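Q: Okay, here's what each chain looks like letter by letter:
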Amino acid sequence: MKPTLHTLKPTGKLLLLGIMLSGSVATWAQTTISGRVVDDKGKGVAGASVYIDSSLDGATADTAGVFKFTTTETGFKTIVASDLGHENGGLPLDIKNNSSITDLTIKLRTEKTHKLNEVTITAGSFDASNDKDKTVLKPLDIVTTAGTQADVVKSMETLPGTQKQGAENGLFVRGGDASEAAILVDGMVVQNAFFSGPPGVTTRSRFGAFQYKGVSFSSGGYSARYGQALSSVLELNSLDLADKSTVNLGINMAGVYASGTKLWKNSSLDIGANYNNLSPFYGIANTNFKFYDVPVGGGGNLRYAWKPNKDGILKITANGSYISSGIAMPNPQSPDSSLNYATKNTDIFSDISYRQMFKNKFSLYTAASYSYDYNDNSWGGYPYKETDQRAQYRIEGKWYATSRFSLLAGTEMQHYSIQRNAFLPSTYGVDSGYTKMDQSFTETQTAGFLEADYTPVYWLAIRPGIRYEHSALLNQSGFAPRMSLAIKTGDNSQVSLAYGLFYQDADNNTLLWGYRPDFQQAVHYIANWQLNKNDRTLRIEGYYKTYNDLVREAVTNGPYDANPYHSLAGLDINNSGYGYATGAELFWRDKKSIKNFDYWISYSYIDTRRLYKNYVSEVTPDFIANHNLSLVAKYFIDKWQTNVSATYSYASGRPSYYPTSGATTPEWSSTTTPDYNNLALTISYLHTFGRWFTVFYLGIDNITNAHNVFGYRYYTDPGNNTVQYRSPVVPPLYRSIFFGVNMSLTQFAKDEL
Amino acid sequence: MKGFILLISAIAFAVATCTAQDFKSTLKKTFDEFENTQDQAQKTQLSNKLGLIAKKWNNEWTAHYYYAFSQAVLSYNEKDKTKADAYVDEAEKEFDDMKSIQGKENDETYVLAAMIANARLAVNPSNRWQKYGKIFSEDLQKAKELNPDNPRIYYLQGVSKFHTPKMFGGGKKNSLPYFEKAEPLFAKESSDDIAKPYWGKNENQYFLAQCKGDDKE
Chain A
1 MKPTLHTLKP TGKLLLLGIM LSGSVATWAQ TTISGRVVDD KGKGVAGASV YIDSSLDGAT
61 ADTAGVFKFT TTETGFKTIV ASDLGHENGG LPLDIKNNSS ITDLTIKLRT EKTHKLNEVT
121 ITAGSFDASN DKDKTVLKPL DIVTTAGTQA DVVKSMETLP GTQKQGAENG LFVRGGDASE
181 AAILVDGMVV QNAFFSGPPG VTTRSRFGAF QYKGVSFSSG GYSARYGQAL SSVLELNSLD
241 LADKSTVNLG INMAGVYASG TKLWKNSSLD IGANYNNLSP FYGIANTNFK FYDVPVGGGG
301 NLRYAWKPNK DGILKITANG SYISSGIAMP NPQSPDSSLN YATKNTDIFS DISYRQMFKN
361 KFSLYTAASY SYDYNDNSWG GYPYKETDQR AQYRIEGKWY ATSRFSLLAG TEMQHYSIQR
421 NAFLPSTYGV DSGYTKMDQS FTETQTAGFL EADYTPVYWL AIRPGIRYEH SALLNQSGFA
481 PRMSLAIKTG DNSQVSLAYG LFYQDADNNT LLWGYRPDFQ QAVHYIANWQ LNKNDRTLRI
541 EGYYKTYNDL VREAVTNGPY DANPYHSLAG LDINNSGYGY ATGAELFWRD KKSIKNFDYW
601 ISYSYIDTRR LYKNYVSEVT PDFIANHNLS LVAKYFIDKW QTNVSATYSY ASGRPSYYPT
661 SGATTPEWSS TTTPDYNNLA LTISYLHTFG RWFTVFYLGI DNITNAHNVF GYRYYTDPGN
721 NTVQYRSPVV PPLYRSIFFG VNMSLTQFAK DEL
Chain B
754 MKGFILLISA IAFAVATCTA QDFKSTLKKT FDEFENTQDQ AQKTQLSNKL GLIAKKWNNE
814 WTAHYYYAFS QAVLSYNEKD KTKADAYVDE AEKEFDDMKS IQGKENDETY VLAAMIANAR
874 LAVNPSNRWQ KYGKIFSEDL QKAKELNPDN PRIYYLQGVS KFHTPKMFGG GKKNSLPYFE
934 KAEPLFAKES SDDIAKPYWG KNENQYFLAQ CKGDDKE
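Sequence order for the protein chains is A and B. Per the numbering used here, the very first residue in the first sequence carries number 1; after that it's consecutive. Per the numbering used here, the very first residue in the second sequence carries number 754; after that it's consecutive.
These are calculated hints, taken from the structure and not from any lab test. Source: prediction; values computed, not measured. We treat Cβ as the ideally placed atom computed from N, Cα and C, and that holds for glycine. Heads up, a few of these hints could be off.
Reference listing, derived: stretches of chain B covered by chain A, where coverage requires no fewer than 3 residues with Cβ under 8 Å from a Cβ of chain A [stated by the list, open to error]:
| no. | segment |
| --- | --- |
| 1 | 793-807 |
| 2 | 832-846 |
| 3 | 879-887 |
| 4 | 917-929 |
Derived DSSO-like pairs: lysine-lysine, alpha-carbon spacing no greater than 27 Å straight-line [stated by the list, open to error]:
| no. | chain 1 | residue 1 | chain 2 | residue 2 |
| --- | --- | --- | --- | --- |
| 5 | A | 43 | A | 107 |
| 6 | A | 310 | A | 262 |
| 7 | B | 834 | A | 592 |
| 8 | B | 782 | A | 68 |
| 9 | A | 359 | B | 887 |
| 10 | A | 244 | B | 895 |
| 11 | B | 897 | A | 262 |
Okay, chain A solo, but in the shape it has when bound (with noise of 0.2 Å):
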């Protein structure tokens, strides 16, 4: 050792001095040492590193964990053994000249905490990100996802606990209606998560996959740093800084798009505008409603993120959108008559945000958001206008006081209108008069939250939380506690369990004709066991949810109104509404058995009932269906740079009600849908050409022609009311065929030669 050197006096040392010079030209006198080194189990470790502290003497084990070597070094040493994965070990040793020591053996703990294998709370949540290695789905995954067009939300419905969905927007999960679940971006509110269009017909929903890095899906049990959604909150995290600047194009069968992304050292910018017609889509298919204005529109968006320095970003969204379109659709009034539905929609979404951490102890996160949409209706003619309006704003902070003990504090408010102003005819399509209405409301929430994350051992975290909400226009408040935890029951699998408490305004409606009911309630209880091992994931939840206060209009004469646009006039609507949801699911998606083909299975059972709006008796909602199976599949061709993907959806019929025949007081009868079959398949194929990276995509969605049927709508004959029709509630369109290319610039510079 070097600094030794220094300490040398001239006197007395002389003798070692002389060892020490001796030590460049002659040998030394050995000392062989062997052993073994094993793990906990008494298996030999393979490559551990054994050596003399403090010197260059050693050996690596073999594959049996046995080492030998031999040292110039004498007197008490100690012997150090050292692994990857484990902690190390050593053993005091006492060198003499020339002897040999056998049979040593050092034992080494395997080290508890790996960065790969950590306790996570998954009850109730699927989290897609880039930045995890363990998560089950990636955005990238979704995109790929044949029968979803590339839809985050829509994606989510091959996940358990989702309802297929065809005739209507938004996620139905786990026996909550599309009202139930919020779906946010960087923790704000999206109020119109979807293009606007007529009932009866889905719509894309207005994000793309490649604007999040992240996308966590919850079917229960959420964190309470978010309230109001008595079933689910689908969180999208936007991405940071741009990757590079790049120039990205495309068209398809709903239009064409372009964007330009610019890097620069600690800020990007992106600007993207899409112009949308989608004549030749519903051109080549045969729709089951008739269009008589396609829909056509266009939009921009705008996207600046800054890193003012290494631990922080801004980040600043815009968008703005307008499509129109114009439907014949089946009078919900009148079984033989059509109506046509106008819709102008013009959408905003603004968003800014700042995250900063401070020394890896502290970070803060605030955001706001604005958002406008206004949509000029008309419904057989007569107005039908809407107009929402949300600002919003949260912060919240987090101590990270040690690496087992974090602490989140946090407040949000929501303010938001609603306005309408719409003409209600007493029987649409037939001049008999109409009511006028105009209705809004006014609504302030607010609401505070704590949660904790603790690992007080490496085998168990405990998140517990509670949030307090308010809302000033129900003029009430609430405490709603959170808790969720994981267990870790082996190396690769865990336990987690979630119990929650959930409130949510009455829904809009409700709120527009005047109605102020209490909050509605939904109690979580779920468990789950979940396996990860080499890219294979198996999952099993159930879960147990009850619902208390729901709202509900109590009609207690005249015959049951089917008709689901039914004035609210002058009804008693009070909380007396209840039920339940139980169920079981199943997930297993397995990327590694065969190369290149990635697969996942799921399965939802459930079990559910509920009394609420004008339901007469306490049954199976008509959006429920009590088995739901997706099975997705991809498979990728190296030879032919081609992706394949084909996913194939089923889901049991669905109940259907209606008035019983010739009853005068809210009776009903129910029957049931048939079954729901969907088989989808997408084909990419990707190439460079020169520095433009290029997919080509062709979708085909139901290529059965199932003719698939979401529910029936009713009429009864004003006149006679033992005269009723149906006609049932069919998508757009069965088959569709989607298909369009995509281009990006690979790398702007010329060359990095």
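The hints should help you fit chain B onto chain A, whose structure is shown.
A: Below, chain B without anything else, positioned relative to chain A:
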């Protein structure tokens, strides 16, 4: 007495240079052996030895540099993902030690940083290319700004392109220009001084030969 002290100082100096020599030659010998063997077990053993050298001569940045490098190389060849990641963890740790000794970064440290990022990416490419691909190209860009004649910049870019699927603009044909660019720069380097990294020359030749064949995929 004065003479004695002088003698002692002279001997002490000789010993000091001798240990410095020892360090450099031990490091060079071990590293060259590491580079020249293709046997994984031997590579592991030699990397372990580099680790001992880095522990013994804890204040020498080169010791940490080569140990970090060898751990990154082991990671590339490791099939077990958890273990491969652990190698990269170790490489990153050693890299940080090296940086704290060295203070200021030079082109070689950026090249090594890029290589470690690439090793991290290689453990799980489909999940990590976005994050680590960016770090990789940024670090190489910084190295290039400091010394555009460092052949390892182009060699690493070439390897990365080589392993990128053809449809994403990679493959043999697209990576060839990088290896060709590196070749004459490697030729100018000498492998005498361990403090001036010279790794990559043989591998570059290997890839050049590979690229001159046809793309099979």
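Q: So which of the earlier hints does this model not fit?
A: No hint contradicted; all consistent.
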